[in-house]
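Asks: Chain residues, written in single-letter form:
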Amino acid sequence: MYSNIIIPRQWSRLACVCRSVASIEGQKLPQTSISSDGISPPPRIPRGSTDILQALAATVGNDPTAAHYKYHDDPFLIPLSNFRKRAYALSAEAGRKAAAWIRDEHANLFTTREWDPPMKMKTPYFNADPQIPAYAPKPFYNDESIVTEIDLKYTIDNALLEDAIKVFELLGGESGLSSELKLSFLQLLCFYNEKEPVAMEWVEERWFAAATRERHATTWKLGGLADKIFTSMEPKTPEAYCAIIQGMAKYFQAERAYALTQEAKEKGIPLSTSVYNSLLGCIGFLKEGVSLRIEALKGLLVEMDEQGLSPNTETLTACLKSLSAWGGGKTLQGVALQTVAEFRQLGIEPSLSAYYYLLCLFCKDQGPKIDILTNIIADLEKRESLEPTEAMDTNFFITAMGVCSNHLQDINLAERLHALLMKNDNYKLVGDAYKESIYYRHFVTVACRFAPFERTTQLLDMLIPNIYVPEPSVMEEILKALELQGAGARLAAAWRELLVFGHAGRARLVERLLRALSCCGREQDDEVKEQMQTVAADILKYGELAEEREEREDRRSPTQKLSARALSDVLELCADARCDAGWAAAAAALRRLRADAAEPAPAARAALAALAPRAARHAHHALAAATVSYLAECGFEEAIPASIETLSVILNRTTEEVGKLLEENKPSLTTSLQPAALEIAQAYHTAKTGTPLRDSGSSTSSDSDSESSDDD
Amino acid sequence: MNTSIIKIAQASNALSQFSPVFASQFHTSSALCRVVSGKYRITKKRDRPLTYEMANPPHYIAHRKSWNSWNTSSLKDGLRKSETAVEDEFIRRFINGTWHGLVCSEVIIKRQFNHIRIAAIMRRAVSPTKMYFLLGYTEELLSTWIQCPVTLELQTVDSYEDVVFKYI
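Quick note, the sequences are listed as chains A and B, same order. Position in the first sequence (first residue = 1) + 80 = the working numbering. Position in the second sequence (first residue = 1) + 551 = the working numbering.
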C-alpha cells in the first residue's frame, strides 16, 4: 500500500496513475519462449489476487494442540467445552453484528472514506479511491425509500432476498420491470424459495447453525411471488421455464414441475441439463413402488438423450439421490451400480455426493455388511484434489466415517479416510461444526475400540480438547479403552477432563470412571495410586458441593447421586490409602454409604475389613471405628476379625489378648476404653451376638449404633 | 528577556493575520520536556501505583520500554502523519470507552501494511462471553471507521494489581 514512498507527496496523484500502469501485473513480458540471444524466459503464468497469500499460507501447517485461531490466545479466553466453543464464537459474531447494525442504522456517521495515498481533497466526504464496499454502510430499504432498477440489481446480486422483494414492490410490481431483471429476480426467488438465507459474512452462524435435516417434503410456496412473476412473464423464455422448474423440483413440488416440463416440451422450448437433473432428483414423488420409479427414472434419462442433452456429474448424483431415497435392497443396489458403470463409460466420475448416496444405499445399519468403502477410498486417493462441487459433498466424510465405525468396524479404513481428509486442503469438506463433531465421534469411537493403544492415546492427545470435545457416549468409550489397558495416570487425568468438558454432573460417566479406577487401582505404582485416591476424594467432594448448591438454589432437575456400587469402588480404591486425600475419600464414601443405609458390593467388604486396621495404624481412629461398626451393622462376619485386629492396633496388644479382653469383663470396658475403641468393642458385640454392648453409663455409643440395634 | 519575547510573539500574532509565514514560528512556553513531561510525581504516602510503562520516563523509550504506536509515518517521506496521530488517539479513546474500566495498560497500536493490530491488557472483570462480544464489536466498528482490517490482541489479568510495577 505504501510502496511509493520515494515519490514526493505532491506527485502522488501522478504516482497513482503510474502505479496502475507500471505495476508488475500490468507489465508486458515476452510471450514467446525463443529469443535471439538464447535466453528464453518461461511463459508468464497468470495469477489471481490471492494466489501469493495462499502460497504463503500453504507453508504454515496447522497446530492441532492450539485453539482455533478464531478464539483469542489467552488462558481466560480459550474455550474447552463444546458449549463454550459455541458460545464464544457466536458472541464474537454477535458483537460484529451489533457493529454492523450501528453502521447501517447510522449510515450518516460512516460516510468518510479514508484516503490513501493522501491527495488533495476534492469534495468534503468523497476522497478515497477505490471505494471498499465492505466498509461502507449497506443500503436500507423501507416503504419511503426512493428506488431504481439499480437497487433491485444490487439486492439481487448480493442475494438480499427480503430487500429485493421490498424494492420490487416499491418499483410497482410485475409491470414496471425490464424482462432481464425480472428473470434474475425470478431466479433468486426460485433458488431460495422466498426464504432469506443467512448472509455469507456471518461465518460462525453458518458454522454453528443447528443441524437442520434436509426435509423431503413439499416446501415450495404454491401461488407465491415466484409463481406470480412467472405467469406475468410474456413471452416465457426458456430461462424462465428452467428457473421455475428447478425451483419447484428443488423444493419437491414434483407434480407441478413435471407438468411445466411437459408444457415446455409441447411448446418446443429447449430445457437445460440441470432442469433434468433436478427432475431426476424428485422423480420418486410422482410414482409409487420401486419398479415403477426405476422405470420413470430410466424414462427421464432416455428423454434427455432424445433432447440431445449430455449428462454431467450432477446427473449421476441426482440419479443416485433418488435411488437411495427409495429404500434399500438388491434391485436398487444393482441399478445404482449399473448407473455408475454406465456413467464411467461416458467418462463421468462420481462426485463425493454420489459416493455419499451410494454409501447410504449400501451400508444400512441393520443391513448386511457390504464393503464398498474400500474401493471408494482407493478411487478418491487416486484423485489429485477433491473439489467441493455440490451441496451434499460435505456429507461424504461423516457418512464414510460412520460406516467405518458402525458398519465395517475397520480402523485401517478409518485411518485412510482420515488421511484423505487431512490431505491438501480437503478439510474444508468436513462441513460444519455439527458434522465435524459427528465425524470425530465416529473416528474416536472406532479408534478406542480397535486401534492399538499407542495410536489411540496419540490420537486423543492430538484431538482433545481443541479440535474435538468428546460427548458423554464417546467419553465412555475412552474410559473403557483406558481401563482395558490399565492406564492409571490417564484415568486419573480423565476426571479433570470430565470437569472441564462439563460432564462431571453425569453420574453414569463418573461411576464408570470410579469403576475403572478401582479396577486398575491395584496394579498401579504408589504415586499413581495416590493420584487416583485424590481423584476419588475430589469426586466425592464435587458431589457434596453439587448437593449443597442444589439445596440452596432449589433447582428443578436434581443432580444425580452416586450409587452404592460407586461408593464401594471408592472404598476399594482407598483401602490402602497413604495420603490424606485417600483417607478423606474413604471417610466420605463411608459416611454417604451409612447415610443412604446401603449395602456395599461384596468386593468392598474385604476392602473395608482391610481398611479398618490400616486406618487405626495411621491414627485415623474415628474412621477405623466407623468402618468396623458399619460392617457390624450390615451383619457381615468380617466385622469380628476386623474389630479384633483394629482394637489390637489401637490398644497396642496382641490379637489374643484383645479377644480375651472383649470376651471377659464387659462392664469395665465402657469406663476404661477411649471412645473409638469402645465403638469398636460395641461393633464386635453387635456382630457376635446381634446385640450391642449396652451400659447405662454409656454416653459414647453413636446414634447409628443405637439405630442399628433397634433394627436388630 | 522573557517578557520581550512574549511581546514579540504578540506582535507576531498581529503579523500572522497578514502573512501565514509568521503564524507558527514562536514557542513561548518554557521547555520542560526533559524535566516533568511523561514523569509521575511521588506522593506523600507513596501509594500511587505505576505500571512498568509508567515507571520508566520517556528517555528510556527504546532502552527499557518501547513505543505505544508503531508506524512508519514519521520516517522520511512517510505518509499520513497527522491522520495516523489522530486515528491512534481515536482508537485509544474508543478502546478505553468500550472496554470501560477494564483496560489495565497502555493501548499499543501497531500498523503493518493495511493492517492495524491493537494490543492491551484487560481485567477479567466480565465473563469471557462478554469479552468476545466486545472483541467482535470493537474490531468491526473500528475497521469500518478506519477502513482497514483491525485485530485486537488482548491479554487478561485477574486484577489491576497484577500490572502494578511499583508504588511511588
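Don't read these hints as lab results, they were simulated from the structure. Please note: incorrect hints may appear among the correct ones.
[As the list claims (entries may be wrong)] Okay, derived cross-link-like pairs now, DSBU-like style, lysine-lysine, Cα gap no bigger than 35 Å in a straight line:
#1 B:K596 with A:K641
#2 B:K590 with A:K150
#3 B:K616 with A:K218
#4 A:K347 with A:K444
#5 B:K661 with A:K621
#6 B:K681 with A:K177
#7 B:K681 with A:K275
#8 A:K301 with A:K347
#9 A:K150 with B:K596
#10 B:K632 with A:K508
#11 B:K661 with A:K768
#12 B:K632 with A:K218
#13 A:K515 with B:K661
#14 A:K150 with B:K595
#15 B:K616 with A:K508
#16 A:K150 with B:K616
#17 A:K367 with A:K177
#18 A:K177 with B:K661
#19 B:K632 with A:K177
Since the model is a prediction, treat every value here as computed from it, not as a measurement.
Asks: For every hint, state whether the structure bears it out.
Replies: Results for each hint:
no. : hint               : result
1   : B:K596 with A:K641 : 56 Å, violated
2   : B:K590 with A:K150 : 39 Å, violated
3   : B:K616 with A:K218 : 43 Å, violated
4   : A:K347 with A:K444 : 44 Å, violated
5   : B:K661 with A:K621 : 48 Å, violated
6   : B:K681 with A:K177 : 14 Å, holds
7   : B:K681 with A:K275 : 31 Å, holds
8   : A:K301 with A:K347 : 25 Å, holds
9   : A:K150 with B:K596 : 46 Å, violated
10  : B:K632 with A:K508 : 43 Å, violated
11  : B:K661 with A:K768 : 83 Å, violated
12  : B:K632 with A:K218 : 30 Å, holds
13  : A:K515 with B:K661 : 38 Å, violated
14  : A:K150 with B:K595 : 47 Å, violated
15  : B:K616 with A:K508 : 43 Å, violated
16  : A:K150 with B:K616 : 30 Å, holds
17  : A:K367 with A:K177 : 47 Å, violated
18  : A:K177 with B:K661 : 25 Å, holds
19  : B:K632 with A:K177 : 32 Å, holds
Consistency with the previously given hints fails for numbers 1, 2, 3, 4, 5, 9, 10, 11, 13, 14, 15 and 17, ordered from lowest to highest.
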